[in-house]
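Listed in order, the protein sequences are those of chains G and F. To convert, take the position in the first sequence, counting from 1, and add 431; that gives the working numbering. To convert, take the position in the second sequence, counting from 1, and add 31; that gives the working numbering.
Don't take every hint at face value.
[To be verified] Covered stretches of chain F, going by a simulated chain G footprint (3 or more residues, C-beta under 8 Å):
(1) 100-109
(2) 121-131
(3) 134-141
[What the hints assert, rightly or not] Simulated DEER-style distance windows between Cβ atoms:
(4) G:T513 / F:T87: 44 to 54 Å
(5) G:D652 / F:G149: 42 to 52 Å
(6) F:P169 / G:R502: 43 to 53 Å
If you're looking for bench data, these hints aren't it; they were derived computationally from the structure. Here a beta-carbon is modelled for each residue, glycine too, at the ideal position from N, C-alpha and C.
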Amino acid sequence: MRTPLRIFPVARCRFNRPDNEHTGAGSVSRDQPLFAARNKQGILLRVGLPVIGFLLAACGRGPAVEADLTRRPVELLDQDSTVVVVPDAFRGQIVLVGYIYTHCPDICPMITARMLEIARHIPDSLLVRYVLVSFDPERDRPHVLRHYARVYELPESWRLLTGPESELQALLDLMGVRTRRSWTSFAENGEPVYFIDHTDRISLLDGRGRVRRHYEGTTADPERVRRDVLTLWREATGVEL
Amino acid sequence: MKPVLSELLVAASVFFGALPQERSIHLLDPWIRPGAAGGNSALYVRLHNAGSVPDTLLEATAEVAARVELHQTVSGPGNMRRMEPVSYVVLPARGEFRLEPGGWHVMLLGLKRDLRAGDTVKVELRFARAGRVQLQAPVRPLSRGGRR
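Chain F on its own, in the form it takes in the complex:
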């Protein structure tokens, strides 16, 4: 599609309210862990906010999971690790927030099917300003997803 035509379409969409007013959120390098049906998995992604004002990730949904929540892994004394649900994630203006192993992540609870390396999972994230943004995340084999 030619750039001029593309820009015209975006402008028209914004005008008619079909798209959020500021298309500033970019979801970079998303991936998901394998997971067994009935179990849980996690989505990791770099949330890039190109806009001039902060935005907030409010929630996520995915057809493949019974529930989707935002969580954070926290370290305690004696190398204890625990997970805590979080209500939202704030993206700074012109900044990036990383959901990554050992930290913040989108948790997929109650998987409806096995997620195996090579599968693709559709997830929708809802932001306060940018609205709903969909992504397709590949399931990475464990050997590629363990780094911290």
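Here chain G stands alone, though its shape is the one from the complex:
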């Protein structure tokens, strides 16, 4: 597995700094309150707060943190049977994660196709990582995932992950992905044929192993995801692209 290029954190938006002396609108003290005019305090608050909100947004603060994967790192295997610890292995990189199982003929290929489409919208220079997590470890062993990636002509750089059920479940819980084995029948040779109900989801992680956005997997708007990725990039580097 290639060594991740660490790009986070390089610089912080100045409104994020805790020391108020470096901030502009964020400098609030008892001596010189931002909304100092006593008789116009209400008006200033009503006008000032939205302005501050706008400035903060313009400064590049990304979506709120939905979950922190560093609280429970999980040890998985990729399609080459290489150990991948999530999120440590992707530290310093923006990651897009989809959830699939290889025996899924309809929804999961749609999610994967959507990730391919999203990838086409995001500049390669941002070094975004693309990860598919299988929630069917019983059938989706690493060699199965490797073959699946070849048949589906997925980029070599994509990581397809599987692993012990307890590890996968811990990750899925943090990601808010629910699964449930559903309709089952039996093939002629007696092998069970089953499908898995699952959440239709793609998740966006920042370079610090935190979930910053979930999208509906099959319909995620590539342009919106691109904007979110650029926001996370700007948030971490201070660089506007």
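Fit chain F to the given chain G structure using the hints.
Just chain F now, with coordinates in the frame of chain G:
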């Protein structure tokens, strides 16, 4: 083949019972997802019924799969998706029914070989009135088959 001759042949076939009495089913724009040997795939196609009475898709078969079933993807609360087998698909008279991603589809279970983009797969659909109708479906790359 000249139109007149063609019509005569069709008429003769119908007369001798070699073809269904009403050739009203048209299978439009069929395609199949890639799939790994041992895994599953799905066939999507527009089922057009030009006839004056409804018809019903009862079953499908394909040499490339151990089993073929009709399925429907259903959405539940919390963006949950699940698949349910269905017994048949009704085509309205002079209407169309679409088997498409995220909805109804013909599922190919237990693929006997890899299906890669560019391959062609033969599938036979059996209708209540129109009888057996064969189609050749190309395997589309994932990049062309994900839209909903």
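Evaluation of the provided hints:
1. Evaluation of the coverage hint for the stretch 100-109 of chain F: fulfilled, as 5 residues show C-beta separations to chain G shorter than 8 Å, against a requirement of three.
2. Check on the stretch 121-131 of chain F: 0 of its residues sit with their Cβ under 8 Å from a Cβ of chain G, so the three-residue criterion for coverage is violated.
3. With 5 residues having a beta carbon nearer than 8 Å to a beta carbon of chain G, the stretch 134-141 of chain F meets the requirement of three or more and the stated coverage holds.
4. Checked against the hint of 44 to 54 Å, the C-beta distance between G:T513 and F:T87 comes to roughly 50 Å, which is consistent with it.
5. One distance hint, 42 to 52 Å for the beta-carbon pair G:D652 and F:G149, is violated here, with the actual separation near 30 Å.
6. A hinted range of 43 to 53 Å holds for the C-beta pair F:P169 and G:R502, which are about 47 Å apart.
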